[in-house]
Every structure is written in structure tokens, then in C-alpha cells.
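Q: Residues per chain, in single letters:
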Amino acid sequence: SAVISQKPSRDICQRGTSLTIQCQVDSQVTMMFWYRQQPGQSLTLIATANQGSEATYESGFVIDKFPISRPNLTFSTLTVSNMSPEDSSIYLCSVEGGWTGGYTFGSGTRLTVV
Amino acid sequence: QKEVEQDPGPLSVPEGAIVSLNCTYSNSAFQYFMWYRQYSRKGPELLMYTYSSGNKEDGRFTAQVDKSSKYISLFIRDSQPSDSATYLCAMSETGGFKTIFGAGTRLFVKA
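Heads up: the protein sequence lines correspond to chains D and R, in order. For what it's worth, this note's numbering labels the leading residue of the first sequence as 1, then goes sequentially. For what it's worth, this note's numbering labels the leading residue of the second sequence as 1001, then goes sequentially.
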């Protein structure tokens, strides 16, 4: 299965600022997924990023708040914009797991907004 | 009501115990069922992937699906301290797209 490098692993940010999270995959993939994992809550899909097209956002998530780039088949970024303490969470990128099924995840970015 | 319900725990067991982790769900269209293990400060990793009802075994791990009861289980035999992690159940209608995750059960295995 693919290996995903995600950075930064953690950050503490001031409210009103933006943070860009990077995700690098060691193989070419069609779709990349961005998830949010809040304490005590289930993984929630933010958006699906296809190379060469606009990302598809899930209900409750908008492009102005979570702009996504997908410049090629191995890389994607998620920006958390105009942050508030409610954005404090773990953000994860993932790709489909191939023949094993399911998803392969990056190690996550632990974001704290103060 | 959430689509997938999972007891958050924590569940604490002694080393060598048999662990039973469970999830219930409400969507009868789910056909693909997964269990992920997530260590602290790491992303989830796929542990078991099953289709429809029945059992699947992989080493010390057994996944069980009962679609009639909308209930899935993960059994861990001879549990080890290295099994201490959060276990997430997940399920989907189509095998990947629109996967719904449980909130996870924290497991502690004491040496």
C-alpha cells in the first residue's frame, strides 16, 4: 500500500491566521481525501481532491474555509483559513488502500488554535 | 441517531485477555466493514476488511459481521500491551467511497 508523508505533524496557531498542511504520497493516486478528527468524535470527510479538477466538499465544509490544491498525482495541500479555536483538531490525508481495501492514512496534523 | 455507534471506552484488560470490540449501525445498505487501529499521534491503519456477513480471521484478530442484527465485532486473542490503541470501526455501501467511521474505542492492555 502507499506511504503518505504529512506535515507539519503539529502546530499551535493564533486565531485569525491560516495553516497549510502538506501531504505527499509515494505513488500516483487518482483521489486524495482530507479528514478531520475531533476529540471523541468520528473521522469526518472534509473533501475529496482529484488532480486537475476542483475538490469536492462534504456538507458543512466550504472552499473558502478549507481551500485544497492538487497540483499533481502525488501531492495535495489543505489550508485551514481564518482559524478559530473550534478548528483545533487532527487533520488527516488519505488515499484508497488499493487491493487491501479501505484507506491508507497519513500520520496526521495536530492543530491547536489559541 | 448516529449511523455508526461505538462505545468510546476506555477498555482496560490484562495481558493475555480476549478483547471484544463492537459497533452497531443503522444503514442496512452497508456491505463493507473495516476495523482500523490508531496509535497515539499516528493515523489510522487498516486492520481488517470484510464484505457482507461472516467471520474473517487474521492471526490474533477475528472480525465478525452480523448484518441481520446490524452489529460488527473485532476479537483480539492473547492481547498484548502493544495492542493498546484506539480501534475504529468503519463501513460503507460501496467498498470505499463514503465510508462512515465510528468514534473509536480506546483499549489499554496492562502488562
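Take the hints with a grain of salt, since some may be wrong.
Claimed, not checked - When the alpha-carbon atoms are kept at most 27 Å apart in a straight line, the in silico BS3-like pairs for lysine-lysine are as follows:
| id | chain 1 | residue 1 | chain 2 | residue 2 |
| --- | --- | --- | --- | --- |
| 1 | R | Lys1042 | D | Lys7 |
| 2 | D | Lys65 | R | Lys1056 |
| 3 | R | Lys1002 | D | Lys7 |
| 4 | D | Lys65 | R | Lys1002 |
| 5 | R | Lys1070 | D | Lys65 |
Simulated from the structure, these hints should not be mistaken for lab results.
Q: All hints, please: hold or fail.
A: Checked hints:
no.: 1; hint: Lys1042(R) - Lys7(D); in the structure: holds (12 Å)
no.: 2; hint: Lys65(D) - Lys1056(R); in the structure: violated (41 Å)
no.: 3; hint: Lys1002(R) - Lys7(D); in the structure: violated (31 Å)
no.: 4; hint: Lys65(D) - Lys1002(R); in the structure: holds (26 Å)
no.: 5; hint: Lys1070(R) - Lys65(D); in the structure: violated (36 Å)
In summary, the numbered hints that this structure violates are 2, 3, 5.
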